[in-house]
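Each protein sequence line maps, in turn, to chains A, B, C and D. When the first sequence is numbered by our numbering, its final residue is 196 and no position is left out of the sequence of numbers. When the second sequence is numbered by our numbering, its final residue is 227 and no position is left out of the sequence of numbers. When the third sequence is numbered by our numbering, its final residue is 348 and no position is left out of the sequence of numbers. When the fourth sequence is numbered by our numbering, its final residue is 219 and no position is left out of the sequence of numbers.
What the hints contain is simulated information worked out from the structure, not anything from laboratory work. Do not rely on the hints blindly, as some may be mistaken.
[Stated by the list, open to error] Below, a list of computed lysine-lysine pairs in the PhoX-like style, where the Cα atoms sit at most 25 angstroms apart:
no. : chain 1 : residue 1 : chain 2 : residue 2
1   : D       : Lys205    : A       : Lys163
2   : B       : Lys135    : B       : Lys49
3   : A       : Lys66     : B       : Lys49
[What the hints assert, rightly or not] Computed spacing ranges between beta-carbons, pair by pair:
no. : chain 1 : residue 1 : chain 2 : residue 2 : range
4   : D       : Leu66     : A       : Val81     : 42 to 52 angstroms
5   : C       : Ala64     : A       : Val81     : 57 to 67 angstroms
6   : C       : Ala64     : D       : Gln216    : 50 to 60 angstroms
Predicted model only: the values in this text are computed from it and were never measured. Beta carbons are placed, not taken as given, at the ideal position from N, Cα and C, and that holds for glycine.
Now for the letters of each chain:
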Amino acid sequence: MNADSVTFIFLNAAIVNNFVLAMFLGICPFLGVSAKRDTALSMGLAVIFVMLVSSICAYGINWLLKLFEIEYLRLICYIAVIASAVQLVEMTMKKFSPALFRALGIFLPLITTNCAILGVALFQTSREYNFLQSLAFSLGAGVGFTIALMLMAGLRQHLELAKVPNVSQGAALTLMLAGLLSLAFMGFAGLGAQHG
Amino acid sequence: MIQEGTAQSPVSPALTRSMLRTLGLVATLSGLLVVLSYRITLPIIEENKRLAIERALFKVIPGAISRQDFMITDRGIELAQSDLQGTALYAGYGQDGRLKGVALEAAAAGYQDVIRILYGYDPYCQCIRGIEVLKMAETPGIGDKIAKDPVFQENFTALEARANATGDGLERAIVLVKQGEKSEAWQIDAISGATISSKAIARMLNDSAQRYVPLIQNNLAVMEPAS
Amino acid sequence: MSELRITTDLRSSPHLKQMVSVPQIMRNVVYALLPVCAWSVYAFGISVLLLLITTTLTCMLSEALFCRLSGKASSISDGSIAITGLLLALTLPPGFPLWMAAVAAFVAVGLGKALFGGLGYNVMNPALVGRAFVQAAFPVAITTWSPPFLPGRFSEVIPSTLTAPFMKPVPIGEWIEQRTVDGFSGATPLALQKFEQIITPWPDLLTGTIAGSAGETSALIILLGGIYLAVRRMLDWRLPVGVMLGAVIVSLPLWLLDASRYPDPLFVLLSGGLMLGAVFMATDMVASPVTPLGVWIYALFIGMLTVVIRLFGGLTEGVMYAILLGNAISPLISLVTQPKIFGEGRKP
Amino acid sequence: MPGRPEQHEPVTLDTFLRGLWEENPVFVMLLGMCPVLAVTNSAINALAMGLASTFVLVASNSLVSLLRHYIPKQVRIATYIIIIATFVTMVDYAIQAISLDLYNALGAFIQLIVVNCMILGRAEAYASKQPLGATVVNGLGIGAGFTLALLSLGVVREVLGSGSLFGVSLFGENFQPWVVMILPPGGFFVLGTWLLIFAAFRLRKQRRTELGEVAQHER
Chain A
1 MNADSVTFIF
11 LNAAIVNNFV
21 LAMFLGICPF
31 LGVSAKRDTA
41 LSMGLAVIFV
51 MLVSSICAYG
61 INWLLKLFEI
71 EYLRLICYIA
81 VIASAVQLVE
91 MTMKKFSPAL
101 FRALGIFLPL
111 ITTNCAILGV
121 ALFQTSREYN
131 FLQSLAFSLG
141 AGVGFTIALM
151 LMAGLRQHLE
161 LAKVPNVSQG
171 AALTLMLAGL
181 LSLAFMGFAG
191 LGAQHG
Chain B
1 MIQEGTAQSP
11 VSPALTRSML
21 RTLGLVATLS
31 GLLVVLSYRI
41 TLPIIEENKR
51 LAIERALFKV
61 IPGAISRQDF
71 MITDRGIELA
81 QSDLQGTALY
91 AGYGQDGRLK
101 GVALEAAAAG
111 YQDVIRILYG
121 YDPYCQCIRG
131 IEVLKMAETP
141 GIGDKIAKDP
151 VFQENFTALE
161 ARANATGDGL
171 ERAIVLVKQG
181 EKSEAWQIDA
191 ISGATISSKA
201 IARMLNDSAQ
211 RYVPLIQNNL
221 AVMEPAS
Chain C
1 MSELRITTDL
11 RSSPHLKQMV
21 SVPQIMRNVV
31 YALLPVCAWS
41 VYAFGISVLL
51 LLITTTLTCM
61 LSEALFCRLS
71 GKASSISDGS
81 IAITGLLLAL
91 TLPPGFPLWM
101 AAVAAFVAVG
111 LGKALFGGLG
121 YNVMNPALVG
131 RAFVQAAFPV
141 AITTWSPPFL
151 PGRFSEVIPS
161 TLTAPFMKPV
171 PIGEWIEQRT
181 VDGFSGATPL
191 ALQKFEQIIT
201 PWPDLLTGTI
211 AGSAGETSAL
221 IILLGGIYLA
231 VRRMLDWRLP
241 VGVMLGAVIV
251 SLPLWLLDAS
261 RYPDPLFVLL
271 SGGLMLGAVF
281 MATDMVASPV
291 TPLGVWIYAL
301 FIGMLTVVIR
311 LFGGLTEGVM
321 YAILLGNAIS
331 PLISLVTQPK
341 IFGEGRKP
Chain D
1 MPGRPEQHEP
11 VTLDTFLRGL
21 WEENPVFVML
31 LGMCPVLAVT
41 NSAINALAMG
51 LASTFVLVAS
61 NSLVSLLRHY
71 IPKQVRIATY
81 IIIIATFVTM
91 VDYAIQAISL
101 DLYNALGAFI
111 QLIVVNCMIL
121 GRAEAYASKQ
131 PLGATVVNGL
141 GIGAGFTLAL
151 LSLGVVREVL
161 GSGSLFGVSL
171 FGENFQPWVV
181 MILPPGGFFV
191 LGTWLLIFAA
201 FRLRKQRRTE
211 LGEVAQHER
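In isolation and in its complexed conformation, chain A is listed as follows (with noise of 0.2 angstroms):
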């Protein structure tokens, strides 16, 4: 697979170089809505749809940004624009499908500081990817950040039946557990890449 093709792209920014667990976005959702599999769920499908929503409205910006040379206003322009962008789609969620809207939309503001959805449009804004590379990329993104999530969420609904000490209860035991997934996902990687 070329380090340039859309599926190679997917692939890493979901798995190999987890968005989360390897590149360190979006913790804070991670570690405070990674406590019950049905909210995580929902956070990660909230997440996905916005990081596409943001991915586009980057790209577009961007290529606005160098038509007129004022690349310096580009974060203000990205964070500007994609706050606005998620209230939107917030609004248009709550007008025309009332119940995705109850299902996702508690976690639309929530989602619009996350550091994650900034980091998309910062990397492939630096990474110089085109329209369709810039789209995998988020999608990859956003399903990394879900699969994360879902597997935090698994683990530490599995805990609630533990013994856990006192001392390593609440973010430590969390940290701990992020902690140990990372390290198995390190098992992932090269994935993809020509090694034959």
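Dock chains B, C and D against the given chain A, drawing on the hints supplied.
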């Protein structure tokens, strides 16, 4: 964010004016600050970037002391201009002003992530004269030897990359061999224990050279000073 | 102790059909492991013996330490911790520095077990947690192999074994060269297959006349140990069978498609740590799913992922990571395959 | 919107110290975790990141504090974000000008300071209600706490993972570095271990006070 206010509560004109005033003020202030810091730092940053490029460039093209940027486009090789689209190509010139070699970026997936390198090509010996790793995330102690290991770097003092007669590739592909088995000029001696990282280097050099070496050979006149 | 009972009750459909105590299971696992250990010592010499002693002792000491710290009664006597120690040693290269092995053992107990409340609550196989940690920490040492059946293996240790703590192990290439007649390349069958397309013949894999981790070289002895445990009903036979089946499901079509590029399924099964992992690691009762269907999914997942990592990943061997990931995903598998009780909502 | 009377707290040493320890953004509040884990694989990266974040925190919160009477509450978040993004952009260019190597090592995480919840949280919870003096002192304290936390990770990870500190080799040629420490899992493990240590201390203190109370009761 901005819509939040308007969507939720009825807004009086006075409030709207005050919101617009504040946002306008903040935006102006922010624009001013950003442009100011951009203007102040721009020359320093450009200088830093130039130094970084030249440091790498003069390392991979032995004997070069000055540079000229070119661009590989659909039409061939042209002097770099901001509105040209294509692959960057840096030409290095020696003391006498003659072309010493050209440098190109190459990339391939390594063990952990994509490895990017700059390599120097000498069109007169038709060989690769040096590589410099620009970006990698290879395992410290194993894969990262591609950047530091002197024995591995020795591979790239005169690695053959000769254009074939038909001008559409290399006469002999650049290949990786097991450590200590290099016997031909177009072979790269692998780092033992770091096969994947070594292989990535061999693959990116071969891919890039297959594509660009014939092109460089055909366009030497563009880069050679007119003297 | 009342909490412990609740926990056991909540996990429907337990593995074991008969009532057996923890020490009883552990004793039988030790019986199955002893031939593997003995063969490993015979093949690689006293270095492996030192390795086994180091990891087992460190595991026991760490367990005692953590029990003391958390104010619990010591749980060394149930034998499970000794098994973690033995298994850990068997997954390490024969000449692995002892201080690194001690680090692995400490991490295995601390990070793999004590953190979550001790025996019965580990989320991943403790021995493999320790192994994965040192694989990430000391990538060079853990891929330095030495050949089996060296002359003088009972009178001298491999030079890297006795490395001073916190120091780099000495390179052993030269030491090996002086002792082998035919040039030993230092590569395991998996590395030979991956990078040079050389397939080691299966009788060698079966008997263990190959390089590799201390306890993984002879597939035959491991298999016999597994059969013993299965017959005594000390392990769920579905797990090892599922793992092997999973490996075959992925490797067979690939081999049929392009035999020059992909190894045959028999090689896949017998090489590397697949057999050791399938019989002794994937079968960790706590970190595997509880439902029968879940067990099949889990085992197949591990087997398939192992082969995917081996053939398409950067690593030569993937069984350790496959099992760790299987452990990670097992709560989700349990959830999906849980039989729903009529008239009752799913418990949160 | 002005109207609600403000309750200013006096600026004391505690305004500064609180951020350093009691309300430490990383160890206690668990805020801004992404840079904490991502750029602490060496002490110098950690220090640079800590200082950059502190600058953005203090500068943006000062501005928010100055403008606090003129920002309508409906658009306050948008205003805060624009202000923060402005200072982050400035820091981004400054670091590029100071050292390109450092800039490449920190990567996108400098720009990601903009979504560090610590900064927005402070603007919302503190700077929008307090005068400039208190905001600056409190911001400096929080920033120092953040930098300290980053350093305590960066130092451990660099010493163990590379055998050096601020790039200076400590143990000589033969030291075996624990590579895992500078890899992603190491970040989680080191932060987790720090939290474990603090939790152990807290529990011990708690037990002691409880024992003390019991003793008093019995007396």
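Okay, the hints, checked on the actual structure:
1. Lys205(D) to Lys163(A): holds (22 angstroms)
2. Lys135(B) to Lys49(B): holds (15 angstroms)
3. Lys66(A) to Lys49(B): Holds: Lys66(A) and Lys49(B) sit about 20 angstroms apart, inside 25 angstroms.
4. Leu66(D) to Val81(A): 42 to 52 angstroms: Given a distance of about 27 angstroms, which is not inside 42 to 52 angstroms, the answer is violated.
5. Ala64(C) to Val81(A): 57 to 67 angstroms: holds (59 angstroms)
6. Ala64(C) to Gln216(D): 50 to 60 angstroms: Violated: the Cβ-Cβ distance is about 35 angstroms, outside 50 to 60 angstroms.
Violated hints, listed in ascending order, are 4 and 6; each of the other numbered hints is respected by the structure.
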